[in-house]
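> Spelled out, the chains give:
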Amino acid sequence: MQEWANQLCENRQFGSKMTDSKYFTTTKKGEIFELKAELNSDKKEKKKEAVKKVIASMTVGKDVSALFPDVVNCMQTDNLELKKLVYLYLMNYAKSQPDMAIMAVNTFVKDCEDPNPLIRALAVRTMGCIRVDKITEYLCEPLRKCLKDEDPYVRKTAAVCVAKLHDINAQLVEDQGFLDTLKDLISDSNPMVVANAVAALSEIAESHPNSNLMDLNPQTINKLLTALNECTEWGQIFILDCLANYTPRDDRESQSICERVTPRLSHANSAVVLSAVKVLMKFMEMLPKDLDYYGTLLKKLAPPLVTLLSAEPELQYVALRNINLIVQRRPEILKHEMKVFFVKYNDPIYVKLEKLDIMIRLASQANIAQVLAELKEYATEVDVDFVRKAVRAIGRCAIKVEQSAERCVSTLLDLIQTKVNYVVQEAIVVIKDIFRKYPNKYESVIATLCENLDSLDEPEARAAMIWIVGEYAERIDNADELLESFLEGFHDESTQVQLQLLTAIVKLFLKKPTETQELVQQVLSLATQDSDNPDLRDRGYIYWRLLSTDPVAAKEVVLAEKPLISEETDLIEPTLLEELICHIGTLASVYHKPPSAFVEGSRGVQHKRLPGSTGSGESVESPDTGSAAGVSDAPPAVIPSQGDLLGDLLNLDLTPPATTGPPPPATSGLQMGAMDLLGGGLDSLMGDESEPVTTRRERPPIPLRTGTPQSPQTLQQSPSPPDYSPTELGGDLGGSSAMGAGFGAAPAAMPAPVSGGLDDLFDLGGGVGMPMGAFSPPKIVWLPAMKGKGLEISGTFARRAGVFQMELTLTNKAMSVMTDFAIQFNRNSFGIAPAGPLQVLTPLSPNQSIEVTLPLNTVGPVMKMEPLNNLQVAVKNNIDVFYFSCQYPISMLFVEDGKMERQVFLATWKDIPNDNESQFQIKDCHLSSDAASNKLQGSNIFTIAKRTVDGQDMLYQSMKLTNGIWVLAELRLQAGNPNYTVSLKCRAPEVSQCVFQSYEAVLKN
Amino acid sequence: MIHSLFLINHSGDIFLEKHWKSVISRSVCDYFFEAKEKAEDPENVPPVLQTPHHYLISIYRGKLFFLSVVQTEVPPLFVIEFLHRVADTFQEYFGECSESVIKDNVVIVYELLEEMLDNGFPLATESNVLKEMIRPPTILRSVVNTLTGGSNVGDTLPTGQLSIIPWRRAGVKYTNNEAYFDVIEEIDAIVDKSGTTVFAEIQGVIEACVRLSGMPDLTLSFMNPRLLDDMSFHPCVRFKRWEAERVLSFIPPDGNFRLMSYHVSSQNLVAIPVYVKQNISFLETGSCGRLEITIGPKQTMGKMVEALMATIHMPKSVLSVSLTASQGSYTYDITTKILIWDIGRLNPQKLPNLRGSLSMQTGVPKPEENPSINIDLKIQQLAISGLKVSRLDMYGEKYKPFKGVKYLTKAGKFQVRT
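First to last, the sequence lines map onto chains P and W. For the first sequence, counting from 1, position 1002 maps to 1002 in UniProt numbering; every step adds exactly one. For the second sequence, counting from 1, position 181 maps to 181 in UniProt numbering; every step adds exactly one.
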């Protein structure tokens, strides 16, 4: 700084310009004294010049606080500029000189009553910026006056001042009732005042997530929409962001808001445009899809988004991050706009990478030729990161658009011919994925790949190549030599490569047992004896035991058919996507993380959800809403990547049921056998750790996995942007990472709820037998005879011997005989469906009743219901079809193996964010803790541990739903106190309410 | 909302800081410097950075970083837009936006920042309003001020601040009433090796210079408004009229402003005014390469192509070039590896041509990448999209203004791949 000032000094000597740089010459010692004298000068002009010098020094970070009293003395002046300068100074130094700052108070109070509104506003504005507690007390009265000032300029400044004051002393603002005044200002006649009031309230609300500050109702919304048209661009942003928090009552209101917001799409300010896009994207959810307006709106969204891409690169970046979300949610908006995402060579790298991402998302059969031509062009660019991503993108195209796969592969081969090291390595990694997607199609290129073996120096590429060699060992003559060459430096390799090498050699051995016995022994001993890595060791032991016990079984396991990989590997998990769509334009949308994951101090930020459609019973995942649907249309064996399976109810319908099981049925029996052997083996290996064994028994086929071990941590709704390709390389059986997690080889891996969607398909019907006495509510009338044309249906649900069933009493109260009974369920939250037809064999004569038991399963189609446990039923007989809905106790869905290991429980409890915890009270219950525990166990709520603190018993319990969602509970009860407290923690907090109801029902029964 | 602003020069010195709330230590910028270090090129610094307690949102303009610190969840576009507005304001006040000019006017800069933002909320960003409150420096005024003790801060409430038309002040008076409109179009295009257009679109703006007394109400209509795909308007434009009648109806701000910007996308056919025939090759053996470029007219609508210029970013291994240009002159910067060929006017009878050899570093493999050619050009009196203004009417005032419309086509991001 000194240097710079000196330089300026010289400038001045030579140039002696009339600029502010002259104020920077006061750096020498003693200058402070000089300034002091000048500040106290009688001459106005001299004073002003002195203050300017002071400000200039302050601006560059020099300490001029010693001049505080002298500067404050200059405050009483008619000269507006001087006043402003002094205010600037005050704002900066008041904090460090609080006592001195009090001196200024009187002038502020006086200025707040000045006839000139500019001075009044300036005074109230500055006072708010003085962050000294003592001053805030004096601020209240003037602020109150200014909030009601006749001049809107003053009011709007005062509105912001409330936010400032709140930041300094929140309690004071509440006590003084300023929040209410602020709320009143939303109805102000001046749009600027409205906008500032909204802005101030939003800022205050952010630090008070639960306060109901923004009480939005149709009247206030109307006010906001009116102000929207007339306020400044910045005000429009605040108002639009505020509107986005509103949930319209119905599609009509939604449409009318959309209509009034649409003109904002033509604003010159891109932030206004993006905020408007947010409002529209959110409210569109409520519009029926068949509405003409819906289509119009979709069309209107594309051009402004495209235009954002011609703005400055920084704006482009934010726009692209948001477009990435929009494209995932509603691909139809931009599907014809592929070309605008083509990369220009002088785009900044951060723009290039984002554009590339979106190109892949938009790639389809229609435009794939263009996209590929572009990608090939990019693969010869200068920037290494970009080139790598371009090469990967080619692989993704191949996987996404089947018709293009061949062209992609030949493009990749061309690129491998360039011999550019990083290009070759990337190409090999993606070709491995292509093999996984299209087995037995492109293996002819293996020879070319093998030529490049020596140039691979990155672990991922090495691992990919080893996988390929192992997988196709029978077609590569010198596979053993190739693998052997890797083995030499086994301990220097990264874990990823080591694991891959182990698996590849085992595969090789199973395929060519005669020649490679030595090799396999070598690798097994390297892995088990010389390695410190538990994953590697475990896998080594498993293979060893498997091979030594039953080579046939080993073959079945290791060489089993692999599940195909999904085509979209990095889709954002649907619930997160929904939340992010509600946050378009915010930092959350740039990071693709929910605000709760990173916004500091956002205690319990409310998760935003898209409103559901009010149209017909259409679910959010209806076919035209994008990629999610794309997955379910895909061939049934495709397993969605990890994100998709995360424990939320909604995304269960992404998992195509019934056909997901990877092992072909013919071999499964054999595998079971193998598994038991294994289980025993593991027992001895792992001593007391019985958990993995039990979990393995329950999930027969896949204890092994070849991919990188993933800790449960990374499988949680990991906020980091998903990796491009599944890191699971081998996936001998559990190829996709989602499966891998469930079948985790690492003993510590918890039976992640993540995998539930899949493995419960295996579990079904495999009930282990259960203690009797499961709670079943008494029968109630579901369909009164009045509505059923004489048919009365009463019923209940029960879980008997592990079988979930519906128990019905059908009564004929009509005059004629009833026949031809049938039953059907609507889609529901847990996919409950009848496991067989309704068994009413004999005709039901008048006044006769019959008891029927209908076994149920949970493999039906899934749709989230409100309430969650609502079930809509249609019963048909020879007279008519009747509809009714009933609610099943969610405890019916608790499965028998819902007992979690202690350690796992602890880890999971910690791992589930506190936001997901909900607490409930159960009143008037008079059970001892043991009795309660027994009772709950009857309904598959298992007590894992009990702790007694100060006479209070705490039971830790777990239960698992049929769709694999785990619910953890803490039940607190105190002898003599009939009120229990239940705390529930679950990754899908929606179920908590229902679970609580079950608790209450079970305990009180 | 926006918490603080740091201005950082090319070499990474913070030369100005402004805090709108509590003071945030400069050390927060260290995260930015780290990212800057990593990005190598200043253009490549990611605009949004996360630090443990703050978010840093920055723009890069005129070799300066405008770095804002944000503590809560705010729309990043809002911050970026605002930062560009700050840079625009400096540009307008001081003629340029550079470190030296900001240092020279540091007090005005500080006053401006104080007026533009209050507690992180934008206050006055319209240059009309700002200029009424803080007068831009002129040599004359600073001389007068020093003599008379006058100040450059206005002491009345800016009239525009509160009216429904905040962009226009009341009581404007001119002896010559005039309204000029410039329709400026930029062609963004990617042309591939074989001369096929991969992608092309037109970004257009209408810049206005309106000096009219009183409260004129103008209506501007086009011959062919349906041409436009997406429009963004100055807040003064009445959107409803545009929706209904496709005319621009507005009460203009006083002085220069951007009336609208528009976008003609690749859906329509975009005329490409020139073609480029090129051949750049690097020989496998030896240390040389060849370059030949010819530029000729393609779809110029009978107008003259002027200020033609080709810029090529050569691979690192190109040490020097020895070329002959049939027209214009070329320069090659050996540090940045940028070859610029300044051609000037395009003569359709005698096509400009640049040819010669490139000398390469020996011992390095031949470059993988193919350099792209960036084209600059200007065509006067033509809006390449075909957009035409049909008439301008004025209501609300009695006098007769001078009116004029000019058209100009420029190359925007016009790239030819080789």
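Hints in this document: simulated from the structure, not taken from any laboratory. Mixed in with the good hints, there may be bad ones.
Claimed, not checked - Capping the alpha-carbon separation at 16 Å, the derived lysine to aspartate or glutamate pairs in EDC-like fashion look like this: (1) W:Lys-21 - P:Glu-481; (2) P:Lys-300 - W:Asp-229; (3) W:Lys-316 - P:Asp-383; (4) P:Lys-148 - P:Asp-180; (5) W:Lys-366 - P:Glu-259; (6) P:Lys-441 - P:Glu-402; (7) P:Lys-1004 - P:Asp-930; (8) P:Lys-344 - W:Asp-192; (9) P:Lys-344 - W:Glu-369; (10) W:Lys-316 - P:Glu-381; (11) P:Lys-376 - W:Glu-92; (12) P:Lys-376 - W:Glu-368; (13) W:Lys-413 - P:Glu-312; (14) W:Lys-173 - W:Glu-397; (15) P:Lys-419 - W:Glu-368; (16) W:Lys-240 - P:Glu-970; (17) W:Lys-63 - P:Glu-312; (18) W:Lys-413 - W:Asp-376; (19) P:Lys-419 - W:Glu-284; (20) W:Lys-316 - W:Glu-397; (21) W:Lys-38 - P:Asp-383; (22) P:Lys-876 - P:Glu-970; (23) P:Lys-946 - P:Glu-970; (24) W:Lys-21 - P:Asp-167; (25) P:Lys-95 - P:Glu-113; (26) P:Lys-787 - P:Asp-930; (27) W:Lys-316 - W:Asp-41; (28) W:Lys-38 - P:Glu-174; (29) W:Lys-193 - P:Glu-402; (30) W:Lys-240 - P:Glu-259; (31) P:Lys-300 - W:Glu-243; (32) P:Lys-419 - W:Glu-369; (33) W:Lys-193 - P:Asp-167; (34) P:Lys-376 - W:Glu-397; (35) W:Lys-413 - P:Asp-347; (36) P:Lys-344 - W:Glu-243; (37) P:Lys-299 - W:Asp-229.
> Run every hint past the structure and note whether it holds.
Consistency of the hints with the structure:
Straight-line distance between C-alpha atoms of W:Lys-21 and P:Glu-481 comes to about 68 Å, which puts the hinted pair past the 16 Å bound. Between P:Lys-300 and W:Asp-229, the direct Cα distance comes to roughly 10 Å. Compliance with the 16 Å bound is thereby established for this hinted pair. Straight-line distance between C-alpha atoms of W:Lys-316 and P:Asp-383 comes to about 12 Å, which keeps the hinted pair within the 16 Å bound. Straight-line distance between C-alpha atoms of P:Lys-148 and P:Asp-180 comes to about 12 Å, which keeps the hinted pair within the 16 Å bound.
Restraint check for W:Lys-366 and P:Glu-259: the C-alpha separation of about 58 Å exceeds 16 Å, so the hint is violated. For the proposed pair P:Lys-441 and P:Glu-402, the alpha carbon gap of about 12 Å is at most 16 Å, so the pair holds. This hinted pair checks out: P:Lys-1004 and P:Asp-930 have alpha carbons roughly 14 Å apart, not beyond 16 Å. Between P:Lys-344 and W:Asp-192, the direct Cα distance comes to roughly 12 Å. Compliance with the 16 Å bound is thereby established for this hinted pair.
The straight-line distance between the Cα atoms of P:Lys-344 and W:Glu-369 is roughly 14 Å, inside the 16 Å bound, and the hint therefore holds. Distance hint between W:Lys-316 and P:Glu-381 is fulfilled; the C-alpha atoms sit about 13 Å from each other, no more than 16 Å. The hinted pair formed by P:Lys-376 and W:Glu-92 fails the criterion: a straight-line CA distance of about 44 Å is larger than 16 Å. For the suggested pair P:Lys-376 and W:Glu-368, the alpha carbons sit about 12 Å apart, so the restraint of at most 16 Å is met.
Of the pairs offered as hints, the one joining W:Lys-413 and P:Glu-312 holds, with about 12 Å between alpha carbons and a cut-off of 16 Å not exceeded. Restraint check for W:Lys-173 and W:Glu-397: satisfied, since their Cα atoms lie roughly 12 Å apart, inside the 16 Å limit. Restraint check for P:Lys-419 and W:Glu-368: satisfied, since their Cα atoms lie roughly 10 Å apart, inside the 16 Å limit. With a C-alpha separation of about 60 Å, the suggested pair W:Lys-240 and P:Glu-970 falls outside the 16 Å cut-off, and the hint is violated.
Taking the CA atoms of W:Lys-63 and P:Glu-312, the gap is near 15 Å; set against the 16 Å cutoff, the hint holds. For the given pair, W:Lys-413 sits about 8 Å from W:Asp-376 by alpha-carbon distance, which is consistent with the 16 Å threshold. At roughly 14 Å between alpha-carbon atoms, P:Lys-419 and W:Glu-284 fall within 16 Å of each other, so this suggested pair holds. Between W:Lys-316 and W:Glu-397, the direct Cα distance comes to roughly 62 Å. Violation of the 16 Å bound is thereby established for this hinted pair.
A hinted pair counts as satisfied when its Cα atoms are at most 16 Å apart, and W:Lys-38 with P:Asp-383 qualifies at roughly 13 Å. A distance of roughly 43 Å separates the Cα atoms of P:Lys-876 and P:Glu-970; the hinted pair therefore is violated under the 16 Å criterion. Distance hint between P:Lys-946 and P:Glu-970 is fulfilled; the C-alpha atoms sit about 10 Å from each other, no more than 16 Å. For the suggested pair W:Lys-21 and P:Asp-167, the alpha carbons sit about 9 Å apart, so the restraint of at most 16 Å is met.
The hinted pair formed by P:Lys-95 and P:Glu-113 fails the criterion: a straight-line CA distance of about 25 Å is larger than 16 Å. Simply put, P:Lys-787 and P:Asp-930 have alpha-carbon atoms about 45 Å apart, too far for the 16 Å limit, and the pair is violated. Using a Cα cut-off of 16 Å, the hinted pair W:Lys-316 and W:Asp-41 holds, with the two alpha carbons roughly 15 Å apart. With a CA separation close to 46 Å, the supplied pair W:Lys-38 and P:Glu-174 exceeds the 16 Å bound.
Straight-line distance between C-alpha atoms of W:Lys-193 and P:Glu-402 comes to about 28 Å, which puts the hinted pair past the 16 Å bound. Proximity of W:Lys-240 to P:Glu-259 is assessed by CA-CA distance (about 12 Å); at most 16 Å being required, the pair is judged to hold. About 12 Å separates the Cα atoms of P:Lys-300 and W:Glu-243, which keeps this hinted pair within 16 Å; it holds. Between P:Lys-419 and W:Glu-369, the direct Cα distance comes to roughly 13 Å. Compliance with the 16 Å bound is thereby established for this hinted pair.
A distance of roughly 59 Å separates the Cα atoms of W:Lys-193 and P:Asp-167; the hinted pair therefore is violated under the 16 Å criterion. A C-alpha spacing of about 60 Å is found between P:Lys-376 and W:Glu-397, which places the hinted pair above 16 Å, so the restraint is violated. A hinted pair counts as satisfied when its Cα atoms are at most 16 Å apart, and W:Lys-413 with P:Asp-347 qualifies at roughly 10 Å. In summary, the hint linking P:Lys-344 to W:Glu-243 is not supported, as the alpha carbons are separated by about 33 Å, beyond the 16 Å threshold.
Between P:Lys-299 and W:Asp-229, the direct Cα distance comes to roughly 11 Å. Compliance with the 16 Å bound is thereby established for this hinted pair.
In this structure, the earlier hints numbered 1, 5, 11, 16, 20, 22, 25, 26, 28, 29, 33, 34, 36 are contradicted, and the remaining ones agree with it.
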